[in-house]
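Given these sequences and hints, build the entire structure.
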Amino acid sequence: MPQTDDNLIDVRDLQFGYGERPILSSVNVQIKRGNVVSIMGPSGCGKTTLMRLISGQVRPQQGSVTVDGLSVPELSGGELLNLRKRMGVLLQSGALLTDLNVYENVAFPLREHTRLSEELIRKIVLLKLQAVGLRGARHLMPSDLSGGMARRVALARAVVLDPVLVLYDEPFSGLDPIGKGIAAKLIREMNDALGLTSVLISHDVAETCEISDYIYLLGDGTVMGHGTPEELMASQEPLVQQFMNALPDGPVPFHYPARPYIEDLLGVAV
Amino acid sequence: MQAVRQLGAGVLNMLQGLGRSSLFLFNTLARTPPLLLRFKLVNQQIYSIGVLTFFIIALASFFVGMVLALQGINTLQRFGAEESVGLLVALSLVRELGPVVTALLFAGRAGTALTAEIGLMKSTEQLTAIEMMAIDPVARIVAPRLLGGFISMPILAMAFSVIGVAGGYLVAVGLMGVDAGAFWSQMQAGTEFGTDILSGIIKSIVFGFVVTWIAVFQGYDCVPTPEGVSRATNRTVVYSSLAVLMLDFIITALTLNSL
Ligand SMILES: Nc1ncnc2c1ncn2[C@@H]1O[C@H](COP(=O)(O)OP(=O)(O)OP(=O)(O)O)[C@@H](O)[C@H]1O
Ligand SMILES: [Mg+2]
Numbered sequence: 003m004p005q006t007d008d009n010l011i012d013v014r015d016l017q018f019g020y021g022e023r024p025i026l027s028s029v030n031v032q033i034k035r036g037n038v039v040s041i042m043g044p045s046g047c048g049k050t051t052l053m054r055l056i057s058g059q060v061r062p063q064q065g066s067v068t069v070d071g072l073s074v075p076e077l078s079g080g081e082l083l084n085l086r087k088r089m090g091v092l093l094q095s096g097a098l099l100t101d102l103n104v105y106e107n108v109a110f111p112l113r114e115h116t117r118l119s120e121e122l123i124r125k126i127v128l129l130k131l132q133a134v135g136l137r138g139a140r141h142l143m144p145s146d147l148s149g150g151m152a153r154r155v156a157l158a159r160a161v162v163l164d165p166v167l168v169l170y171d172e173p174f175s176g177l178d179p180i181g182k183g184i185a186a187k188l189i190r191e192m193n194d195a196l197g198l199t200s201v202l203i204s205h206d207v208a209e210t211c212e213i214s215d216y217i218y219l220l221g222d223g224t225v226m227g228h229g230t231p232e233e234l235m236a237s238q239e240p241l242v243q244q245f246m247n248a249l250p251d252g253p254v255p256f257h258y259p260a261r262p263y264i265e266d267l268l269g270v271a272v
Numbered sequence: 091m092q093a094v095r096q097l098g099a100g101v102l103n104m105l106q107g108l109g110r111s112s113l114f115l116f117n118t119l120a121r122t123p124p125l126l127l128r129f130k131l132v133n134q135q136i137y138s139i140g141v142l143t144f145f146i147i148a149l150a151s152f153f154v155g156m157v158l159a160l161q162g163i164n165t166l167q168r169f170g171a172e173e174s175v176g177l178l179v180a181l182s183l184v185r186e187l188g189p190v191v192t193a194l195l196f197a198g199r200a201g202t203a204l205t206a207e208i209g210l211m212k213s214t215e216q217l218t219a220i221e222m223m224a225i226d227p228v229a230r231i232v233a234p235r236l237l238g239g240f241i242s243m244p245i246l247a248m249a250f251s252v253i254g255v256a257g258g259y260l261v262a263v264g265l266m267g268v269d270a271g272a273f274w275s276q277m278q279a280g281t282e283f284g285t286d287i288l289s290g291i292i293k294s295i296v297f298g299f300v301v302t303w304i305a306v307f308q309g310y311d312c313v314p315t316p317e318g319v320s321r322a323t324n325r326t327v328v329y330s331s332l333a334v335l336m337l338d339f340i341i342t343a344l345t346l347n348s349l
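Quick note, the sequences are listed as chains X and A, same order.
Mapping of the first sequence onto this note's numbering: position 174 corresponds to residue 176, and the numbering continues sequentially without gaps.
Mapping of the second sequence onto this note's numbering: position 115 corresponds to residue 205, and the numbering continues sequentially without gaps.
Be careful, since some hints might not be right.
What the hints assert, rightly or not - Computed cross-link-like contacts, EDC-like style, restricted to lysine to aspartate or glutamate with a CA-CA straight-line distance of at most 16 Å:
no., chain 1, residue 1, chain 2, residue 2
1, X, K34, X, D215
2, X, K87, A, D226
3, X, K125, X, E106
4, A, K130, X, E114
5, X, K87, X, D70
6, X, K34, X, D194
Claimed, not checked - Restraint ranges, calculated between C-beta atoms of paired labels, are given here:
no., chain 1, residue 1, chain 2, residue 2, range
7, X, D8, A, M104, 52 to 58 Å
8, A, F129, X, P179, 48 to 54 Å
9, A, E317, X, R88, 36 to 42 Å
10, A, S320, X, V272, 22 to 28 Å
Think of the hints as simulated: they come from the structure by calculation, not from any bench.
These numbers were taken from a predicted model, which means no experiment stands behind them.
Here a beta-carbon is modelled for each residue, glycine too, at the ideal position from N, C-alpha and C.
What follows is the structure, given as structure tokens:
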């Protein structure tokens, strides 16, 4: 499929909710090929949901989601599988297969999708494990890994089929500051070395700003601001400022919507 | 009024579950033919389901056979017919206890393991991860387990009967002094392949099918939390035990009638 368009991902006027409850509305996101683009926003604002929409796990109620020129919600089962083969996804929990060791986890997509020889599989797997610094840990089982190591194995697995696009859901959460730095560097290096496009969901302002070409800030179910890291840092928008400077209160409320506290305290019903 | 409403809701829920699980079964069965080319996946499941359950089955059947012989001789003695104990042990095992007890043990050992395994894979997002790798989790994870269960259960039930007869022989001939020749010849003369053995085999096939189906469905359908997995595991045992006992009655009635 020759693609002249420079946006690998194009999300327009997207609206989505689980059941009755709206989660995202009028979301517009364009992601350029070759870029590392981050999606930031407070917890529960729908970042993971946006990723599910892009990877075709759920369908939008309105609007369009286009990946590499294909309209994701309209793809048939087989077409969606083909798209997913070109897409690496790192889930929020890492989600390694618990009954396989590190080596077999990374080899899993290769064994399922290719007929490569054992020798070639070994070369590819070791190459990817080397890139995440865990070649020496290949015989360990997932239960023997720390959270950060498991995340790195999942990262190696996400890129083992040499995708064109990688989606990372909070790759830094639960990592120590050194780990975060390593993961951030890894994501940027892999992106540039393998010619990927990367979409990164994260709360970590410092790491994200360092490696991103562009950032979308979600809040209140929609895009509250977007721009290069420098533009966002310099922005005067109160919400953008609150998030980028990690201020505890501001336009983003700390509380889940509720009736007034005093009313609740005086009431009896749970 | 409240009770009627609850009953209605319960029935609706059950019908819905039945519909969903039938659809699930259909979808899974539709994905089994490609497994014939990758039979290794099924073999692994036969190993983990069948071979690991075998030891429990072997031990249980040995004791069941011994008890049957003791009870049988005790009763048959009153008619001076203790020679027939071999026949009694064999018929009880082949027609009833072999398939039923095997299915109950199978539900407790292999069924719960299947539910918990699939449920955990769901709750830890492993199934989603597999889907994101462009692999169909029903075809890759569920179908081999379903097939492995179908294949294992009848073999286990047969092993149960055989080992049970050995246990019976040990007690009757070794302990109670029944004549070995009479033990075997009565058994041979009185057991018919077309009715007794075949009905046992049919039972074990049906039970294996139902128990494995319930187990994988409960795992795949569970609420993806630790609590949800534990509840699903519980349901597997309860539903499969009840299903086995009810089906046993139906199949027995059908096969005896057709004589
Ligand atoms: N399967 C689901 N069914 C119903 N509601 C859901 C479901 N998944 C998520 N939600 C709701 O959708 C909202 C957005 O969830 P989402 O997981 O996208 O948030 P997020 O931005 O990724 O948050 P976090 O940073 O904490 O991971 C949440 O309020 C959540 O309660
Ligand atoms: Mg999330």
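Cross-check of the supplied hints:
Our distance criterion of 16 Å between C-alpha atoms is met by X:K34 and X:D215, whose separation comes to about 10 Å. The suggested pairing of X:K87 with A:D226 holds, with an alpha-carbon distance near 12 Å, which does not exceed 16 Å. At most 16 Å may separate the alpha-carbon atoms for a hinted pair to count; X:K125 and X:E106 meet this at roughly 13 Å. Our distance criterion of 16 Å between C-alpha atoms is met by A:K130 and X:E114, whose separation comes to about 13 Å.
Restraint check for X:K87 and X:D70: satisfied, since their Cα atoms lie roughly 13 Å apart, inside the 16 Å limit. A distance of roughly 13 Å separates the Cα atoms of X:K34 and X:D194; the hinted pair therefore holds under the 16 Å criterion. Checked against the hint of 52 to 58 Å, the C-beta distance between X:D8 and A:M104 comes to roughly 54 Å, which is consistent with it. Take A:F129 and X:P179: their Cβ atoms lie about 49 Å apart, and the range 48 to 54 Å holds.
The hint said 36 to 42 Å for the Cβ distance between A:E317 and X:R88, and at roughly 37 Å that hint holds. Between A:S320 and X:V272 the beta carbons are some 25 Å apart, a value that agrees with the proposed interval 22 to 28 Å.
Checked against the numbered hints given earlier, this structure breaks none of them.
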